[in-house]
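The primary structure of each chain is shown beneath.
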Amino acid sequence: MKNIPIVGTSVPRMEGRGKVTGHARYVDDMVLPGMLYGATVRSRIPRGIVKKFLFGPGVNWNEFVVVSAKDIPGKNCIALIEDDQPCLADGVVNHPEEPLLLLAHPDRHLLPKAVDAVSVEYEPLPAIFSLEESEARQQIIWGADNTFKSYLIEKGDVDSVWQNADHIVEAEYTTGAQEQLYIENNGMIAAFDPEQGLTVWGSLQCPYYIHKALMKLFALSADRVRVVQMETGGAFGGKEEYPSIIAAHASLLAAKSGKPVKIIYDRMEDMAATTKRHPSRTRHRTAVAKDGRILGGEIDFTIDGGAYKTLSPVVLSRGAIHAGGPYYWPSIRIRAKAVATNAPPHGAFRGFGAPQSLFALERHMDHIAQVVGLSPVEIRRRNFLQPGHTTTTGQTIDEPIDLGNLLDRALELSSYHAKKENFSRENAQAAHKKGIGIASFLHGAGFTGSGERFLGSVVGVEAVRDGTLRILVSSTEFGQGTNTVLCQIVAEALGLRYEDVSIAQPDTHEVPNSGPTVASRTVMVVGKLVQSAAVGIRNTLAASGMLSDDYSPEEFRAACGAYVRKHGKFRSVAQYEQPDGIFWDDEKYRGSAYAAFAWAVYIAEVTVDLATYSVAIDDFVALQEIGKVLHPVFAKGQIIGGVAQGIGFALYEKVVWDQGRMQNGQMTNYIMPTSADLPPIRVYFEELGNVYGAYGAKGIGELPMDGPAPAIINAVEDALHVSFNSIPLLPEDIFAALYENSAPLTIAPTARGRA
Amino acid sequence: MSESSEVRLKSEISLTVNGKLETVRVYPMERLLDVLRHELRLTGTKEGCGEGECGSCSVLIDGTLVNSCLIPALQAHGAEIVTIEGLASDGRLQLLQQSFLDCGGAQCGICTPGMILASLHLLKKTPQPTLEEIREGLSGNLCRCTGYMQIFEAVAEAGRRGAAT
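Each protein sequence line maps, in turn, to chains A and B. Its first residue numbered 0, the first sequence is counted upward by one per residue in numbering that gives the first Met the number 0. Its first residue numbered 0, the second sequence is counted upward by one per residue in numbering that gives the first Met the number 0.
One or more of the hints may lead you astray.
Among the chain A residues that face chain B by a calculated CB cut under 8 Å, a handful are [claimed, not checked]:
no.	residue
1	7
2	11
3	180
4	329
5	332
6	633
7	673
Pairs of lysine to aspartate or glutamate, DMTMM-like flavour, derived with a Cα cap of 20 Å [stated by the list, open to error]:
no.	chain 1	residue 1	chain 2	residue 2
8	A	148	A	106
9	A	587	A	106
10	A	418	A	290
11	A	112	B	50
12	A	215	A	82
13	B	9	A	106
14	A	211	A	420
15	A	112	B	152
16	A	211	A	617
If you're looking for bench data, these hints aren't it; they were derived computationally from the structure. Note that the structure is a prediction, hence the values are computed from the model and not measured. Each residue gets a CB set at the ideal place from its N, CA and C atoms; glycine is no exception.
Kindly generate the complete structure, drawing on both the sequences and the hints.
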């Protein structure tokens with residue numbers, strides 16, 4: 000086998016040609032004969048009892064297909080972790096976007112008017128909208144106490160550290176909801192055949208989540224539900240769990256009408272009704288020695304889950320495990336809780352709880368530094384985890400990571416010390432205050448704890464008649480590069496050309512369940528399985544005497560083709576098995592939380608304009624250790640894109656709520672970064688490798704979401720000497736804070752005139 | 000709505016799309032975006048927001064870059080329109096398309112058609128744009144995946160390769 004390296008090179012994007020020519024097929028590009036268009040009638044109150052539907056005048060209701068909860072053949076729920084979320088509200092509503100009825104009509108232009116013509120009589124019930132209202136149990140809206148899930152992580156004897164502490168540093172930090180804002184809105188097409196069952200095509204991340212939800216909703220067997228992923232125009236977690244609802248709705252309309260039904264959300268419906276990042280509150284109380292060493296701490300991490308449980312327990316888990324960051328805690332107690340409010344359920348979004356708890360921690364590290372009298376650099380350096388240390392869950396760091404070295408390199412790349420000195424000298428006289436801030440952090444790849452073992456992912460690689468190989472996974476492409484990188488891995492494993500490998504369109508009738516495309520697990524976990532399945536093909540050929548040891552790609556292809564012609568199907572399958580030595584206790588929340596951590600130090604340089612109170616980012620250095628870089632261009636693209644979303648999370652993207660409903664569900668008033676807003680984002684990698692990942696890869700997708708917000712807000716504090724503990728931080732927030740603490744600002748008259 | 004009232008309310012318009020003359024019957028205030036996607040089945044033009052913010056539906060009308068979600072069909076009568084489907088010829092990618100592939104300018108692909116047309120519009124005016132000119136030229140096109148940097152590289156590279164000519 001002659002091996003020209005493919006892994007580590009930037010091969011062309013597998014599905015790229017279709018994307019640049021406009022021929023790639025997204026769900027809204029697909030039209031089926033006789034297809035109807037569907038729409039959703041939603042609750043307009045946050046909580047109450049539905050008394051009656053009134054179908055108003057001006058609409059020819061005979062032409063419409065109308066579906067209510069009574070039309071559901073199986074269980075009225077969207078099956079996920081728990082079955083608490085109804086597919087269509089049956090008598091009770093718990094948030095102001097809750098689906099009540101479904102309508103379909105051949106002319107999509109008639110749907111908005113029909114939706115508006117349905118009025119609903121309610122008996123309103125009191126609702127709750129904040130963490131505090133939920134915790135106070137003003138109203139019990141979920142379970143016995145409004146709590147979806149709580150965790151306790153304990154290490155050492157934290158109660159004994161306070162008496163010996165030189166400093167005790169306490170503070171509270173909050174983060175707001177954030178919309179994923181994929182540019183392709185959510186959408187699905189469903190068709191129902193009494194013989195064959197249901198088929199749905201859609202924009203989605205996790206075909207088998209939808210498969211599971213539809214089986215339960217329709218009481219159908221696995222073989223009578225088929226889910227096909229179309230090209231998907233961005234997801235970022237936003238198409239992890241919500242697409243099950245749209246698939247369910249389109250399927251109900253299709254089953255009742257006997258015709259295919261397409262539901263495409265418009266932007267406002269997508270923003271208001273679908274999931275967003277969980278709002279959070281983190282309280283830190285930290286015992287610190289006078290040399291800056293952390294002795295122990297208590298962290299209370301609380302997230303707002305919205306009206307139903309959905310994925311909140313898992314988001315909470317990841318947020319809680321990341322709450323201690325890349326530091327050594329001799330003792331710690333982390334209490335984490337997800338609570339209910341009368342808002343649409345919050346859900347998966349890149350980072351999945353970690354951006355929230357790491358924002359708090361990395362702001363807190365700067366506060367500790369101030370109290371102790373150390374620099375932000377030194378406080379981090381003195382507390383970094385080192386090989387042999389244990390994390391907050393007791394996981395031993397067994398790779399040779401040197402965070403001090405990573406920090407030094409980031410400081411050098413950003414000219415940190417020189418800039419810090421210049422800014423502190425020049426700021427006093429300037430109307431534009433400059434600052435520089437650091438965040439150091441980690442992100443665990445793959446499912447948490449025993450998650451991968453429970454998933455037991457299966458992948459396949461098969462040879463097709465022309466002798467090329469085809470990868471069979473339910474792992475989806477939505478921009479990150481799944482298709483390309485998995486094909487690289489197979490080509491590399493077998494010494495083939497990249498062109499000799501393709502990947503099947505995710506279709507539950509064609510591909511095994513390789514798990515959901517989430518948690519930065521695809522390259523590391525699924526990639527490793529695909530590598531193993533590929534080797535199985537070679538072993539079979541070798542064992543049958545059809546392949547020499549020293550084969551060329553052409554010989555391999557010929558042998559595959561011959562094997563297929565002789566035996567018919569030629570497929571190799573691999574299933575996840577937990578590596579030895581990985582232990583996790585779900586009860587005590589102790590053990591190896593993740594098979595691998597990626598590590599990073601990000602440095603942001605900002606200018607705060609004291610005329611407009613806006614923050615401009617002048618430079619951004621993103622340095623990370625991600626095992627091995629399998630595709631340099633894509634890896635860099637993942638980091639830059641994640642940093643851009645992190646900048647939005649920090650400075651622009653504010654969801655305005657009223658009575659549990661998003662008020663600014665448009666791109667005109669929910670502001671994401673444009674090409675004119677972003678700084679140069681400079682990306683650097685270190686590569687230690689990883690024994691658990693394909694070719695040493697670790698997860699990469701979520702990591703860059705964690706660091707930008709704290710690095711930027713630390714830089715704003717460095718510029719203004721005013722502390723901000725909540726994001727998003729908008730100009731009006733800075734204005735308000737400066738007027739409350741006007742003392743530290745002195746602006747020279749000439750500079751003010753210029754501003 | 001009855002068949003006859005539909006006929007009565009619709010108007011016939013003619014427009015040249017990617018060099019081909021097309022005649023369609025549409026509601027006068029129907030969006031050009033819908034005419035392209037539904038009547039002509041040119042689905043490469045995407046809808047992202049429906050209110051002229053995201054630029055996914057960008058096309059060229061008589062050489063001018065527009066958001067096709069804001070253009071009433073009647074305004075396109077008699078116009079020359081270029082959509083993403085009009086760029087590659089005989090299976091050969093336009094240089095901009097190739098540069099987007101080479102530089103990582105397309106991830107999920109949904110903003111890509113509009114982004115490429117905005118880039119083409121920029122390069123026609125400014126064949127070798129500076130980074131600032133690229134930032135400004137693409138500021139009406141939102142991308143949530145890339146953080147734009149690799150799109151900037153793609154446009155600069157296409158400029159160097161002479162994509163505008």
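Are any of the numbered hints broken by this structure? If so, which, sorted upward?
1, 4, 5, 8, 9, 10, 14, 15, 16
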